[in-house]
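These protein sequences, in sequence, are chains E and R. Counting along the first sequence from 1, when you hit position 22 you're at 21 in numbering that gives the first Met the number 0, and nothing is skipped either side. Counting along the second sequence from 1, when you hit position 29 you're at 28 in numbering that gives the first Met the number 0, and nothing is skipped either side.
Simulated from the structure, these hints should not be mistaken for lab results. Just to be clear, a hint being listed does not mean it is correct.
Using C-beta positions, here's what the derived DEER-type ranges look like [what the hints assert, rightly or not]: (1) Ser169(E) <-> Glu70(R): 53 to 59 angstroms; (2) Tyr40(R) <-> Leu186(E): 22 to 28 angstroms; (3) Asn35(R) <-> Leu205(E): 55 to 61 angstroms; (4) Arg30(R) <-> Phe133(E): 31 to 37 angstroms; (5) Glu70(R) <-> Asn95(E): 42 to 48 angstroms.
Far from chain E, by Cβ distances over 12 angstroms, these chain R residues were calculated [as the list claims (entries may be wrong)]: (6) Gly1; (7) Arg2; (8) Val46; (9) Asn59.
With a straight-line cut-off of 30 angstroms between C-alpha atoms, the simulated DSS-like cross-links for lysine-lysine are [stated by the list, open to error]: (10) Lys31(R) <-> Lys53(E); (11) Lys203(E) <-> Lys49(E); (12) Lys69(R) <-> Lys53(E); (13) Lys66(R) <-> Lys120(E); (14) Lys53(E) <-> Lys62(R).
Ideal Cβ placement from N, Cα and C applies to all residues, glycine included.
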Amino acid sequence: MGFLVKIPQQLPGVPLFHSIRNVFFHVPMWFAMMIFFTVSLIYAIKYLIKPSTKHDIYSAIYAKTGVLFGVLGIITGAIWANFQWGAYWSGDPKQNGAAVALLIYFAYFILRGSLTDEEKKARVGAVYNIFAFFMLFPTLWILPRMVESLHPGGQGGSGGNPALNGGDMSAEMRMVFWPAVIGFTLLGVWMSTLYIRFQILKDKKLNYG
Amino acid sequence: MGRIKLIASLCIILFSCYVVNAQELITEESRKAARNEQSIYIVMAVVLTLMLGIFLYLFNLDKKLSKLEKEG
Chain E
0 MGFLVKIPQQ LPGVPLFHSI RNVFFHVPMW FAMMIFFTVS LIYAIKYLIK
50 PSTKHDIYSA IYAKTGVLFG VLGIITGAIW ANFQWGAYWS GDPKQNGAAV
100 ALLIYFAYFI LRGSLTDEEK KARVGAVYNI FAFFMLFPTL WILPRMVESL
150 HPGGQGGSGG NPALNGGDMS AEMRMVFWPA VIGFTLLGVW MSTLYIRFQI
200 LKDKKLNYG
Chain R
0 MGRIKLIASL CIILFSCYVV NAQELITEES RKAARNEQSI YIVMAVVLTL
50 MLGIFLYLFN LDKKLSKLEK EG
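Pulled out of the complex, with its shape left as it was, chain R reads as follows (with noise of 0.2 angstroms):
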């Protein structure tokens, strides 16, 4: 009965082991791949900014031209 139990608990050790590692791959694994996803989201981030900023270089343009005929 005690050798069972000796048995039985070294194999949990070392499955636990396993488990533990495969928890690690898994882990790495996705956190790659959210980082994969995430990036493409970041190009998407710089895109928005260039577009916003030469889009209100127009509108102030705009405005001031406008402003311009309004005058005359």
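Just chain E, same shape as in the assembly (with noise of 0.2 angstroms):
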């Protein structure tokens, strides 16, 4: 579908002729991620209410699925920058917020491996998980819209939402648009389930086989 919907052929500003398209599978990446991560927030927060491995495993796991997704994003990214902008990577405020966030991703888990009794790395990885997720939104909400950007949404730029500019997108597109982002996200539910059932099995064998 993201290949056959007809898109605006007179686009205002810069022409982004057929790339436009990667509208629908760039951007759910993003939103994907900070579904992901909202998730592995909220279990972080019940482990720490009532601590159960089953949170632990959920948390990790999500957390995990929202990475993945989030240097998918970043891949993504860089291609249709290289064509777009000129350059794989631009230093664009937005970028680098991404590139920011995901290390303190990155570190959660160095911080996770790091520790090896379980009950300690479930609680440290609980609390860290939740500044990890509020880390989030200066790097990716707020200071890319406070500054010059690329992306759109930045100051100087036609404003709005700094992920996609809804204005710009036709009715058409919109319909295939929401539905991608539904189903990159169903996509990451089902590929984290299937991790987590992995995890516990594997939980179950290590104390009980």
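Build the complex: two chains, separate frames, hints provided.
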């Protein structure tokens, strides 16, 4: 569908040509990532309220899937940027912010991996997860809006949502875009549940096997 | 004779101007067309990257699962 839908031929501003179709693939990555990090945060808080291995596993795996989608978002963004902006990485505030946010989440896994005690790992991980989640807001939502950016939504640009400018999409494009967001999110949820089932099985084995 | 030469050269100069203009038009058009053609491959590259990433995640899980099965 992303390849077939009619696109507005005369876009205002920079001509994007067919690469505007990347909106159906690149942007849903970030939507999905935000959703998974939110789920991860919820399970981290749940763990702190009522410690159970299940909550810890859910939290860690959803963070993992979120990081996967974030990395894919960055790579697809770089491919698109090379075509449209002339370089894979041009130090756009949104690019840098996303990279910082992902590095913070990489540190989450390093922190978890460095602790051997299961309970300590889960508790420290949950606390760190909450901090990491709230670092997403300045890096992804606030800073890119405050400075000039190549992405839509920066200062001096068109304004509005920094991830996508709704006004630039035709009704037909929106008909593809929102199902794409839902689809990629559901795909990620399925991948996470597979991983979670595996992790729970493995834990059971370690405890009883 | 001198006058004919003058007119001819004037004509050539004027005409060459059109030729150059036309060439510029053609290159501008073809550049745009080439870019338009390229742009769809960028989308293809993006989709392939996504597929690759998702499959790597699942293959990694598959490998871990097989290991778990072997142990049990």
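Measure nothing beyond the straight line between the CA atoms of Lys203(E) and Lys49(E); if it is 30 angstroms or shorter, mark the hint as holding. holds (19 angstroms)
Mind checking the alpha carbons of Lys31(R) and Lys53(E) for me, to see if they're no more than 30 angstroms apart? Not satisfied, since the Cα-Cα distance of roughly 55 angstroms exceeds 30 angstroms.
Just double-check Arg2(R) for me: nearest Cβ-Cβ distance to chain E has to come out over 12 angstroms. holds (50 angstroms)
Would you check the hint for Lys66(R) and Lys120(E), treating anything up to 30 angstroms between C-alpha atoms as holding? holds (24 angstroms)
Ser169(E) paired with Glu70(R), Cβ distance criterion 53 to 59 angstroms: Because 54 angstroms falls inside the window, the suggested range holds.
Against the range 22 to 28 angstroms, how does the distance between the Cβ atoms of Tyr40(R) and Leu186(E) compare: consistent or not? For Leu186(E) against Tyr40(R), whose Cβ atoms are near 24 angstroms apart, the range 22 to 28 angstroms holds.
State, for the Cβ atoms of Arg30(R) and Phe133(E), whether the hinted interval 31 to 37 angstroms holds or is violated. violated (47 angstroms)
Are the Cα atoms of Lys53(E) and Lys62(R) separated by 30 angstroms or less? Since the Cα atoms of Lys53(E) and Lys62(R) sit roughly 22 angstroms apart, the hinted pair holds (cutoff 30 angstroms).
Asn35(R) and Leu205(E), beta-carbon distance inside 55 to 61 angstroms? holds (56 angstroms)
Taking only the CA atoms, is the gap from Lys69(R) to Lys53(E) under or equal to 30 angstroms? This hinted pair holds, its Cα atoms lying about 24 angstroms apart.
Given as non-interface: Gly1(R), which should sit over 12 angstroms from chain E by C-beta: Correct as stated: the minimum Cβ-Cβ distance to chain E is 51 angstroms, above 12 angstroms.
Would Val46(R) pass as off the interface with chain E, using Cβ distances and a cut of 12 angstroms? Since the minimum Cβ distance to chain E is about 6 angstroms, Val46(R) lies within 12 angstroms and the statement is violated.
Taken one by one, the earlier hints fail for this structure at numbers 4, 8, 9, 10, listed in ascending order.
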